[in-house]
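Student: Sequence:
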Amino acid sequence: MTTISMSLPGLAGRHCQTPLNSLHSTFYFSPDFGTELAAHGVTDPMGAYLAGRAAPLGSVAAATVTAVFYGFHHRVISRHVPAVWEAVSPATVLELRLRAADSTLRRVLGAEVVASREMAEAAGLALRAVEGCAPPGRPMSAAQAAQPVPGAAHLALWHAATVLREHRGDAHVIALQNAGIGGLEALVSHCASSDGMPKEIVMSKRGWTEEDWSAAEENLRARGFLDAGGALTAEGVRLREELEEETDRLDSAPYERLGAAGVERLTRLAGELNAVAAASGAFPEILLGTFVKE
Numbered sequence: 001m002t003t004i005s006m007s008l009p010g011l012a013g014r015h016c017q018t019p020l021n022s023l024h025s026t027f028y029f030s031p032d033f034g035t036e037l038a039a040h041g042v043t044d045p046m047g048a049y050l051a052g053r054a055a056p057l058g059s060v061a062a063a064t065v066t067a068v069f070y071g072f073h074h075r076v077i078s079r080h081v082p083a084v085w086e087a088v089s090p091a092t093v094l095e096l097r098l099r100a101a102d103s104t105l106r107r108v109l110g111a112e113v114v115a116s117r118e119m120a121e122a123a124g125l126a127l128r129a130v131e132g133c134a135p136p137g138r139p140m141s142a143a144q145a146a147q148p149v150p151g152a153a154h155l156a157l158w159h160a161a162t163v164l165r166e167h168r169g170d171a172h173v174i175a176l177q178n179a180g181i182g183g184l185e186a187l188v189s190h191c192a193s194s195d196g197m198p199k200e201i202v203m204s205k206r207g208w209t210e211e212d213w214s215a216a217e218e219n220l221r222a223r224g225f226l227d228a229g230g231a232l233t234a235e236g237v238r239l240r241e242e243l244e245e246e247t248d249r250l251d252s253a254p255y256e257r258l259g260a261a262g263v264e265r266l267t268r269l270a271g272e273l274n275a276v277a278a279a280s281g282a283f284p285e286i287l288l289g290t291f292v293k294e
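Counting in the numbering used here, the sequence shown runs without a single skipped number right up to 294 at its last residue.
The set of hints was computed from the structure by calculation and includes no laboratory data.
Everything numeric in this text was worked out from a predicted model, so none of it was measured.
Cβ atoms here follow ideal geometry from the backbone N, Cα and C, with glycine treated the same way.
One should not assume that every hint holds.
Cβ-Cβ distance ranges computed for the label pairs, FRET-style [to be verified]:
id: 1; residue 1: SER78; residue 2: ILE174; range: 23 to 31 Å
id: 2; residue 1: GLN177; residue 2: GLY58; range: 20 to 28 Å
id: 3; residue 1: GLY132; residue 2: LYS199; range: 29 to 37 Å
id: 4; residue 1: ARG75; residue 2: GLY110; range: 39 to 47 Å
id: 5; residue 1: ASP44; residue 2: GLU118; range: 33 to 41 Å
id: 6; residue 1: VAL276; residue 2: MET197; range: 18 to 26 Å
id: 7; residue 1: GLN177; residue 2: ASP212; range: 17 to 25 Å
id: 8; residue 1: ILE174; residue 2: ALA63; range: 15 to 23 Å
id: 9; residue 1: ASP195; residue 2: PHE29; range: 14 to 22 Å
Please take these sequences and the hints and turn them into a complete structure.
Tutor: Below, the structure written as structure tokens:
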């Protein structure tokens, strides 16, 4: 079995990816992309989310999106895909997405930060890390990596952050599959963890019903991962730790490509940029603990 190289400190890749993911996510909390798509007849927020994230894959069917997104019920995806592609092509979605990322980052970071040397440095480091992302078995990151790299540094950084986010996501799906944990079970166990997202946020976005959630809790309880009150057991905590460690291993290549010094520098730069975005109100208050780490 491949192991994480000792050339990187423990958790270095995970710690670097966290602020990069947060910078990428400013896009989802901004109204800009929804406004762009509404002009093309796509007004449902979930339809906009699915179109924006799936567009690099092309005009794919609902089943494909369900497979690669993993944690969404097919019923909510099939409500919008492939119908959304009839309203606006994936190629157009990609153009609108980049335009929305541009306006969002300019607003939450400010013109001075966008044009700074630190922004250019962060973009260069992140793009170098992307060179370590191999396509096989990584459909979401491979599709994003195949998109042209924008010329502007802040958009190049957003592009690279998106590739790296999806690379870790693809790795996590592999780890979940190997552990026999389904998409909803992964969400339930995540929400039960100390740093998990609130259940109501997950339930409002992923298409699962209370009955689905209860059934997943029962499955996890039968395997010894949840207690009667819905909290993680010691075995459940260990499961989550092992899943993250396996994800780290499967996601190590981009950070190995960058090297220890580069990872440390990118982590610092991305953290500083993320702090600026947070201070400008880029993230909902209820999710600040998720997207802004001390």
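Student: Each hint: holds or not?
Tutor: Evaluation of the provided hints:
1. SER78 - ILE174: 23 to 31 Å: At roughly 24 Å between Cβ atoms, ILE174 and SER78 fall inside 23 to 31 Å, so the hint holds.
2. GLN177 - GLY58: 20 to 28 Å: holds (24 Å)
3. GLY132 - LYS199: 29 to 37 Å: For GLY132 and LYS199 the Cβ distance comes to about 35 Å; the hint holds.
4. ARG75 - GLY110: 39 to 47 Å: Holds, since ARG75 and GLY110 (Cβ atoms, about 41 Å apart) stay within the stated range.
5. ASP44 - GLU118: 33 to 41 Å: holds (37 Å)
6. VAL276 - MET197: 18 to 26 Å: holds (23 Å)
7. GLN177 - ASP212: 17 to 25 Å: holds (19 Å)
8. ILE174 - ALA63: 15 to 23 Å: Cβ of ILE174 to Cβ of ALA63: about 19 Å, so the range 15 to 23 Å holds.
9. ASP195 - PHE29: 14 to 22 Å: Check passed, 19 Å falls within 14 to 22 Å.
When held up to the earlier numbered hints, the structure conflicts with none and fits them all.
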